[in-house]
Structure formats: C-alpha cells, structure tokens
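Participant: Here's the letter readout for the chains.
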Amino acid sequence: MQSQLPIYPEQASNFAPQVDSLMTFMILVSAFFTVVITAAIIFFFFKYRRKAENDIGVPIHGDMRLELTWIVVPLLLSMVMFGWGAVVYVDFRHAPQDTLDIYVIGKQWMWKIQQPNGRREINELHVPVGRDIKLITASEDVIHDFYVPAFRVKMDVVPGHYNTLWFRPTEVGRYHFFCSQYCGTNHAVMGGWVTVMEPSDYSAWLSSTSEVNADPVLAGEKLFAEKSCSTCHVSDGTGRGPSLHGFYGGKVRLADGSIVTADDPYIRESLLLPNAKIVAGFQPLMPSYQGQLTEDQILSLITYIKSLQSQPISGTGAGVIAAGKK
Amino acid sequence: MATTTTAPAHTMPREHYLNSTYGIRSWLLTTDHKRIAWLYLAGVTFFFTLGGIFAAMIRIHLLTPNGLLVSPETYNKLFTMHGVAMIFFFLIPSIPAVLGNFLIPLMIGAKDVAFPKLNLLSWYVYITGGCFVLYAFATGGLDTGWTFYTPLSSVYSNSAVAPAVIGIFINGFSSILTGLNFVVTIHTMRAPGMTWFRLPLFIWAHYATSIIFILGTPVIAITLLLVALERTLHLGFFNPVLGGDPILFQHLFWFYSHPAVYIMILPAMGVISEIIPTFARKPIFGYTFIAASSIAIAVIGFFVWAHHMFLTGESTYAALAFSLLSYLVAIPSAVKVFNWTATLYKGSISYDTPMLYALGFIGLFLIGGLTGLFLACLGLDIHIHDTYFVIAHFHYIMVGGAIMGYLGGLHFWWPKITGKLYPEFLARVAAVTLFVGFNLTFGPQFLLGFMGMPRRYHNYPPEYQVLNVLSTAGASILAIGYLLPMIYFTWSVRYGKAAGPNPWPATGLEWTTASPPPTENFEVTPVVDWEPYDYKNRPDLGLAAPVVPLAPAHGDD
Amino acid sequence: MEVLAPAEALDIETEEGYRVHRTGELYGQYQTLEQQKDSATLGMWIFLATEILFFGGLFLTYSINRQAYGQVFAFSSRTIDLKWGAINTVVLIGSSLTMAMSVWCAQVGKKKLVTLFLILTLALGSVFLGIKGIEYHAKYVEHHIPGLSFDLYYCTNNPSACGLSGQALENEKIELEDLTAKAGGPDAVNAHSQLFFSLYFGMTGLHALHMIVGAGLLISLILQSLKGRFTPEYNTPVENIGLYWHFVDIVWIYLFPLLYLIDRH
Numbered sequence: 001m002q003s004q005l006p007i008y009p010e011q012a013s014n015f016a017p018q019v020d021s022l023m024t025f026m027i028l029v030s031a032f033f034t035v036v037i038t039a040a041i042i043f044f045f046f047k048y049r050r051k052a053e054n055d056i057g058v059p060i061h062g063d064m065r066l067e068l069t070w071i072v073v074p075l076l077l078s079m080v081m082f083g084w085g086a087v088v089y090v091d092f093r094h095a096p097q098d099t100l101d102i103y104v105i106g107k108q109w110m111w112k113i114q115q116p117n118g119r120r121e122i123n124e125l126h127v128p129v130g131r132d133i134k135l136i137t138a139s140e141d142v143i144h145d146f147y148v149p150a151f152r153v154k155m156d157v158v159p160g161h162y163n164t165l166w167f168r169p170t171e172v173g174r175y176h177f178f179c180s181q182y183c184g185t186n187h188a189v190m191g192g193w194v195t196v197m198e199p200s201d202y203s204a205w206l207s208s209t210s211e212v213n214a215d216p217v218l219a220g221e222k223l224f225a226e227k228s229c230s231t232c233h234v235s236d237g238t239g240r241g242p243s244l245h246g247f248y249g250g251k252v253r254l255a256d257g258s259i260v261t262a263d264d265p266y267i268r269e270s271l272l273l274p275n276a277k278i279v280a281g282f283q284p285l286m287p288s289y290q291g292q293l294t295e296d297q298i299l300s301l302i303t304y305i306k307s308l309q310s311q312p313i314s315g316t317g318a319g320v321i322a323a324g325k326k
Numbered sequence: 001m002a003t004t005t006t007a008p009a010h011t012m013p014r015e016h017y018l019n020s021t022y023g024i025r026s027w028l029l030t031t032d033h034k035r036i037a038w039l040y041l042a043g044v045t046f047f048f049t050l051g052g053i054f055a056a057m058i059r060i061h062l063l064t065p066n067g068l069l070v071s072p073e074t075y076n077k078l079f080t081m082h083g084v085a086m087i088f089f090f091l092i093p094s095i096p097a098v099l100g101n102f103l104i105p106l107m108i109g110a111k112d113v114a115f116p117k118l119n120l121l122s123w124y125v126y127i128t129g130g131c132f133v134l135y136a137f138a139t140g141g142l143d144t145g146w147t148f149y150t151p152l153s154s155v156y157s158n159s160a161v162a163p164a165v166i167g168i169f170i171n172g173f174s175s176i177l178t179g180l181n182f183v184v185t186i187h188t189m190r191a192p193g194m195t196w197f198r199l200p201l202f203i204w205a206h207y208a209t210s211i212i213f214i215l216g217t218p219v220i221a222i223t224l225l226l227v228a229l230e231r232t233l234h235l236g237f238f239n240p241v242l243g244g245d246p247i248l249f250q251h252l253f254w255f256y257s258h259p260a261v262y263i264m265i266l267p268a269m270g271v272i273s274e275i276i277p278t279f280a281r282k283p284i285f286g287y288t289f290i291a292a293s294s295i296a297i298a299v300i301g302f303f304v305w306a307h308h309m310f311l312t313g314e315s316t317y318a319a320l321a322f323s324l325l326s327y328l329v330a331i332p333s334a335v336k337v338f339n340w341t342a343t344l345y346k347g348s349i350s351y352d353t354p355m356l357y358a359l360g361f362i363g364l365f366l367i368g369g370l371t372g373l374f375l376a377c378l379g380l381d382i383h384i385h386d387t388y389f390v391i392a393h394f395h396y397i398m399v400g401g402a403i404m405g406y407l408g409g410l411h412f413w414w415p416k417i418t419g420k421l422y423p424e425f426l427a428r429v430a431a432v433t434l435f436v437g438f439n440l441t442f443g444p445q446f447l448l449g450f451m452g453m454p455r456r457y458h459n460y461p462p463e464y465q466v467l468n469v470l471s472t473a474g475a476s477i478l479a480i481g482y483l484l485p486m487i488y489f490t491w492s493v494r495y496g497k498a499a500g501p502n503p504w505p506a507t508g509l510e511w512t513t514a515s516p517p518p519t520e521n522f523e524v525t526p527v528v529d530w531e532p533y534d535y536k537n538r539p540d541l542g543l544a545a546p547v548v549p550l551a552p553a554h555g556d557d
Numbered sequence: 001m002e003v004l005a006p007a008e009a010l011d012i013e014t015e016e017g018y019r020v021h022r023t024g025e026l027y028g029q030y031q032t033l034e035q036q037k038d039s040a041t042l043g044m045w046i047f048l049a050t051e052i053l054f055f056g057g058l059f060l061t062y063s064i065n066r067q068a069y070g071q072v073f074a075f076s077s078r079t080i081d082l083k084w085g086a087i088n089t090v091v092l093i094g095s096s097l098t099m100a101m102s103v104w105c106a107q108v109g110k111k112k113l114v115t116l117f118l119i120l121t122l123a124l125g126s127v128f129l130g131i132k133g134i135e136y137h138a139k140y141v142e143h144h145i146p147g148l149s150f151d152l153y154y155c156t157n158n159p160s161a162c163g164l165s166g167q168a169l170e171n172e173k174i175e176l177e178d179l180t181a182k183a184g185g186p187d188a189v190n191a192h193s194q195l196f197f198s199l200y201f202g203m204t205g206l207h208a209l210h211m212i213v214g215a216g217l218l219i220s221l222i223l224q225s226l227k228g229r230f231t232p233e234y235n236t237p238v239e240n241i242g243l244y245w246h247f248v249d250i251v252w253i254y255l256f257p258l259l260y261l262i263d264r265h
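Sequence lines, in order, name chains A, B and C. Position 220, counted from 1, in the first sequence is what our numbering calls 220; the numbers after and before it change by one each time, with no gaps. Position 63, counted from 1, in the second sequence is what our numbering calls 63; the numbers after and before it change by one each time, with no gaps. Position 135, counted from 1, in the third sequence is what our numbering calls 135; the numbers after and before it change by one each time, with no gaps.
The hints are simulated quantities; they were obtained by calculation from the structure and are not laboratory data. Given the structure is predicted, the values throughout are model-derived calculations rather than measurements. The beta-carbon is built from N, C-alpha and C at its ideal position, and this holds for glycine as well. Be careful, since some hints might not be right.
If you only want the chain C side, here are some residues facing chain A, beta carbon under 10 Å, derived [as the list claims (entries may be wrong)]:
1. Ala68
2. Tyr69
3. Gln71
4. Ala74
5. Pro159
6. Thr180
7. Ala181
8. Lys182
9. Gly185
10. Asp187
11. Ala188
12. Ala191
Generate coordinates for the entire structure from the input sequences, incorporating the hints supplied.
Facilitator: Structure follows, in structure tokens:
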C-alpha cells in the first residue's frame, strides 16, 4: 500500500512522522542552498560572460566577513540538524520499559520470528497496534538487517550480538519488511510482511494454533536439564551458581562491584563468555557453551529463565539482588 | 569567446617528452613522471571501462522487478566487482596518479618528483594488484560487496575472496608510495620563490590527499590481510563462532575507507580550484581558506568513520560523537563551494569545456554533499541507511564530483599533456550529455531510497519499477557522455590542432613551458615571484587590464 | 640546458640514450645535494609513519583480543620461551647501538669503522633472526602453529615430544585443566589460543620480514662502505637506513612486553 503521493512510504509507526518531519526540514534547507548557489552560478555565468577576447576579471582576493559568515551559518544549521536527529535516534535506541518482546532470528535467507507465547512465524511478523514492541534480534550466520520502511526503523542483526529495536505501530495494515544488509545470494528476497492488527485480533491470532511449536518455556526447561545447568544453578540458591529464580530482569552485583541488569544480552553473554560478568560471591566455574547452542536454543533457555522471574528465591546469594529491591 | 587567437597557428615543439625516446622499453622503464602519468592513464581507463560495463549490466538487469539479465549470484558479483574496480583501481588513483603525477613537478618548477624510480615502482605495484583482482574476477568472481563485511567474506562466501583482497592489499602500497613521493616532492623540490602560499591549490589538494594515503592505507592493508588469513587458515578474528567480532572488522575497514572517499574528492576539488580562476580570469576568492579547508577535510576525515555503523548496535554515545564530527567535516567543503561561487563574481567568464565540467561539479557536489548531511543525521539514517539513498549520495559525489573533476582536468590540461587541442564543440556536447544523463540516472535513486528500496537488491517489489526504469534510461545517456571523450581524445592525439604553450591562457608554472613539455620540464629552472592566478600582473599572458579599478584591499591573504 | 647545480656534469649518457647517475652524486631530478639529502630523509620519516599505522592495526587487534580472552592469551603467552625473547631483545638493542655507531663514524670520517659497525649490525640482526627460527621451530614441534594441526593440548598429551616431564609437566597439566574449565571447554580454548598464536606469528613474522629487508639493505650498505663511499659530506644512506633499523628495533620493544611479558609469573 502506497501513500497518495508516491514519494514517501506510509506512516505506520510512532517514528514515521518524526523521521518525515526531520526529512522535510533537511530537504527545505538543502533546497534553499541548492537554489541559492545554482542561481548565483547561473546568474554570474551570464552576467559576467566574457565580452572581449582579452578581458580579465576584477581581482578580488577574499573577504573575511563573508568567510566567517559562511562558516558560522552552516555550522549553526548543522548543529540543529545534528541535535534534532540525535533526539530521534536516542529515543529509538532506548526502548521504553513495558514492551511486548518478540524474538527475531535472521539466517541465510529467511527470518524466524517467535512471539511471546512461543508462536512461531517465518517471514511474517504480527503485532498489535498501539503497543510498544521490542524486537530482539540475533543472527545464525552473517550480518543481516531488519528494516520496515513504513515504520522508518531498521537495525543490523549481527552474529555474536543481540541488537534490539523498538517501535509503536500506529496504523493497522500490512507493511513490507526487508533485509537491508547484504548477506549473500538471496539477500534481495529475504523479506516479508509485518501485519499490524487490533489488539483483540492479535490476541486471538496469538492463541490460535495453526502451527505452534513446542512451548519454548518447556523446551528451555528441558534444555536446562539436558545441559546440566541445574547442577550448579540450584533453585534454592545453595548451588555453586546463583539461583535463577526471580533472577531475570533484576539487578545483579558483579564481582568487581558494578551493578548490571539481568536481561537477555546478559544471559546470552553468560552462556557464551561466562567469566565476563560473574555475580559477586561466586567462583568463576561456569564453562562456556560457545558452539554448543544454536541461537534457537539460547532463546529457549532465556525464555525459560524469564519464566522463573516470578518465582522467588528460597535461598540467598550474595550478589543477586532480587527484582524489585534496590 | 573563442579560445584560439587570430595569431599564427601554433606548432608542436620539435623535441618533447613523448618523442625524446622510442620503444616499449623506454616507456615501461621510464622514470619520467609525465610518462608514468600516461601509464596510469592506460590502467585507470581500463578499469573504468570494466567497472562501467558492470554498471551497465546492473542497470539493464534492474529494468524489471524480477531481474532481466542475470542470476542472483551473478548480480551480486556484478555490483561487487563494479565497486572494487571503480573505487580501488579507478577513483583512488585517477586524479593523483594521472594528473598529479604529470603536473606536480611542473607546477612547482621541478624536474621530476623526489623519487622517480619509486614512482615507476608504484605503477608496477598498481598493475600487480590489478592482476590479482582480475584473476579473482575471472575465476569465480567476487560476491561480498566491495565492503567485504565479515563473516560473509571471511567464512560464508564461495567466491574468489582471497586473491581479490590480496590484490587490493598490494594496490594499497601503490597509493602509499605515491603519497610519500608527493609529500616529499612538495616539501623539498619547489623552485626558488615558490613559497607555500604561492602554491597552486591543486598542490594543496594533493598534499592533503597524500596525508590520507600515508596514514590511512596501511590500516586497510593489514585489515584485508587479516581477512585473507581468516579465510585461508580458518582463524577467528572476525568470526563470532570462533570468538571473533564482525564489528571489529567494520571499525578497521571504515577507518581507512572513510578517509578514502576524501582521497577521491580532494584532488577533484583541487582541479576545480585551478579551472575556475582560469576561465573567470581572476584570482580565486579566499585562497587561504580553500587551502586550509583541504587540510581540515583530511584531518577531520579521520575521525568520522563510524558514521557507517550507526545501526550496528554501537554505543549511542559513539553514534552521537561521530554524527557531530560528520557535520563538522562538511563545513570546509561548504567553504570551498561558497568560495568557488564567489570567484565567478565580476569575472570574465568563458564557456570552455573545462569550465562546464567545473560548474557542473559544483552543482552536483553540492547535492551530493548536502545529502551526506541527511545520512549524518542520526534520526534520518535509521530510515535511509543501506538504501538507494546512500547509493545516490555517493554517486553524486564520486561521479558527479570526482569523475567530473577528472574529466574537467583532463580537458584543461590535455593541451599541455599532448600538445593538441581536443574538438571544443563536441566536448561541450559531451559535457552537457554527461550532466543530463547523470542526473537522470541518480536523481531518482534518492527517491527510491526514501521509499525504502534497500541496496544490493537483484529483485525488488514492483512499486519501485518506474524509478528504476528512469534510472536505467539515464545511464544509457551517461554512457554516451563517457564514450565521446574516449573517442575524441584519442582522435585529437593524431589529428588535433597544435595547442601552443598556453592556449587558455592560465597562470600556473606548467603553462610557461612548451606543450608538450621537454623531458626535463623546463629549459631553465624558473624563479617565482608572482602570486597564483594573478591575471592582472601577468602581461606575458597578453591579456588586457581590468576596466574596473581594483577593489579596495580588505580581507586579502 | 642551464641548471643551477654545478654537479650536473656528473650525469652521463649511455649509448642507448638513457641518463644515468653515479651513486653518491647528484641525481638528475635534484638541484642541489642538500635538496637530495632533505628529500631522502623526509621520505624515510614518512615511510616510517606509514609503518606505524601498518603495525598499529595489528597491535590494536591484539589488544582487543587480549582484553576479551585474557586467560587463554596469558597461558598461551607463557608457553613461549622467555629466555630466547630476552636474549633477542638484548641482541636487537645491541644492533641499534652498532648501527648508531656506524652513522657516527661516517659523520666523523672513520671509514673503516663504518664498515665494521655495519657488519656487526648485520651479524647481530642475523643472530636475532636465527633465534627467531629456533623459537618458531619450537612452536612447530609443540603444534602451536595456527592452521597446522594446532592443538594447545598436544604437549600435555605428548610430553616427550615437547620435552616436558616431572613437576613442570604436572604444573602445566593442572594449569591447562583449570584454564579449560574457566574458559569454556577445549574447543573454545583452542580457538582463542589459535587467535593468540595467529597474532603472535603475524606480529613477529611481520617484524622479522622487516628485519630481513633491513638485512638486505645492510648488505648493500656494507658493499658501498667497502668502496669508501660514505664520508662526512655524504652519508645519507647510512643515516636513513639507520632510522629504519631503529624503527624496527622500537617495534620489537613493544612486541616483547606485549607478547612475552604480560601475565608472566
């Protein structure tokens, strides 16, 4: 679906009007300078064309006031452009607190999306209108990029990293999304559709079971046991590793005294580089699972650990500050 | 308006650098900077043609949404090889290695560069690097994009990555040696009286470019070497599976590749700064500011690289810093554009082809530069990063800017280099054709980008077709604009009218010697006691004094 | 053709018509000997600046990876024999001394000593390269060469091949087990250790390459010096190649602590 005037895509998210007004401002400023300079060139070109064969021009070497003017004015304009753009970007890079989190995995050449209840989609993303949506992205192979022109948002999907992006859809409808970081042969066809629905329709869709894979929480719990996580991460806090009950989303004090939030990237990092951010009061004993878990499996584990959020610890651990406490 | 006078026709000098010695050995073993310039001209023209053929195939393929011409794999190889050929083997060497090599010693009154044998070695290194890359093209091609992002390039691609990056690695040394040669030449080989602020702005531009050559190129060299090692020995610098970080590659890559774009544009700006005073017959407005802005661009340009990485997940603070710096680096370029425009005021302007290219440059560079501000704007970059907007932006600068500067310079100095005049009318037609074709090709791409069409796409959704067709139509016109000079320049070497030492006339030292110059450049070492572009005080040029009295001196440098 | 410099007469023309110049005298593109000397010296300094950026990329990659994989890097670093590295450091610094001496001797006109010191520099440089060969051979034996059946566990599994026994072997085994547990399993340890050794060979290899080039330059200097070419008036090649040699020495002075000394206990 295109807008009436086909020079910009539909505005379907909270960022779209912001980006578009910024664009309008930039176009106006650029058009102004382009017109002024072009007009000046054309005007001088004709007014001062050579009359006689041997004519020369009037030697004018420079003018300090002019130079300063055309340094200072562009500088000020640039700062406005910078500032305005920065404000939009900082907003984009900091997702609000209460988001609907959806996992997005990119691989050559498809997108696997997992909704909060475990429902999976391929090359399709269903979201409710008016809700803050956070996409947590991971790549299984090379760098991809998740781009929704109608929302004016994109973010690189980098292997070895979790990159997140957020938006709030504002219009019900169907919108293209594209992979926009060259990723090999079928980069150009690695796209799909975002479907924005009324919240009630979304809930209905979410629970309809056309093809729901195993509950990721269960899958994660199974993996947790299989990979012997429960050996150290005993639920009552008496194990060699911190209990993961009530762990997700809380603050954690590290061995070096700093405090971090136990979010998805933290858990992922702890799986792959366990000694990077050790919880205070625990020994650096955890082995790394680098190469032993696919991105899917890491997601399942995180989903499981997330599900333990509401189950309080029955024991204590020095570094773990239970969620809600300071 | 005519450029030749009614004085008796000129003749070619009896002996000059082109005919002083004969035979293939005298060319392939030459240490004469002027002949080396010709060697480079042959090389860059070859790679330009190759890159141009790839571009033509790309544009034809994109006439339809499902791709008209080639398979996806081939398409991906086409845009990669187009980028590699054009950037590393045409744009980066073009003006410095062809025009810079030819002109720098002449402009400063020297007999040659500081290290002539090193100069020849630079060319052989360039050719060797080119051979590796051609080998890669011929045996499997290259499909990683010219940016070689890992782990696609170091692990997943099935194309001839290793020979290609080795070729680019080798080619880097050609740049480094040329930059070294230029800096030393400009420091130590100036003729008596040629002080720093009497240097033509072309020299200042090349000095700034050489700084970038020297400091930036070694970093890409080592980075590509690491990619080659990772690929062949399965190491893990940039491969997350083995503990590496793909983003480290991007930092190392862009640390060079951003300053590289200033390597491509600064020399062209130097050419424009020579052409405009010549065809307005007055000194450039703001000489010191233009000279200083060249250095400023080179320096600040080293601090903006991560504006290519705003959406990789880099820290917000880093993004803010790099966006701010990217705006700062735009200011010196703006200063130049204003100064060039002001130079036209109260000039005595002629319509010769070099001037047409120079004025076209200003307009197109203006658009290209302004759209760079869009990309530097963090909030906008979220939407337009990695879309056709970026492609349009950099083609405006590199084609509308750098290539027009190169062609303008070739036309301007062709009489000096060959002793012959190119056909003026045909050249003007070509210049206008090029300008029109160029805008039609790349203008629509800004729109395509904002509409959301990502780059490097062999297929696209049907709603993008109209703009793609427009773009391809423009490309066909652009191609004519490039073919015409290739034809008439070649024609003019044999059949062109003899130019005489100073057909325009222009004020630089290079115009005081014969066209073509003798091998040792000057019969007698010149002693310089005039300011650059000083038409008023050069009676030897045979021009009238200005009718309007000199403006009162204020703001003079 | 009139030119300012009187030394122009030293250009001679061969039968084929090419201009040649006798080494040590004025080259055709220069006006004065001073200009020639200034150009050569400035050229060498700029070349060294490019080398700093060249090595710099590698150093940066090493630092970043060292940060990320400190323990594995530390262990891997400890498998390199400190003794040879220390000897090499002394050897190289000594060679810089002899190089500086040869420059000084040229400046004061002691021609025979110039040759002697150049030969000493070459000799010390060769010793350095020889020791490097010994070190590389040791790494080959221990299966520490990336891409060539790399295996950090080879030595503890085949102690006789690496010359390990007794208490040293036990200590090594314990340390390696400990490392493996902490750093995420044998595959991760091998991958990261391979990174260390890639950088080790990359950095020391690049350095050795520069030394070999330096050795070649020294041979050329020695041959010229034997003909008495270098005088107080003309010794630019010695000075400039001296600069190059000192630079290569300085690179080693950074390499040695970074690769051998950090985390050595």
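Participant: Next step is simple, just say for each hint if it's right about the structure.
Facilitator: Right, here's what the structure says about each hint:
1. Ala68: holds (8 Å)
2. Tyr69: holds (9 Å)
3. Gln71: It holds, given that the least Cβ distance between Gln71/C and chain A is near 8 Å, below 10 Å.
4. Ala74: violated (13 Å)
5. Pro159: violated (25 Å)
6. Thr180: holds (8 Å)
7. Ala181: Holds: closest Cβ of chain A sits about 6 Å from Ala181/C, inside 10 Å.
8. Lys182: holds (5 Å)
9. Gly185: holds (6 Å)
10. Asp187: holds (6 Å)
11. Ala188: holds (5 Å)
12. Ala191: Hint holds; Ala191/C Cβ to chain A Cβ min 8 Å, cut 10 Å.
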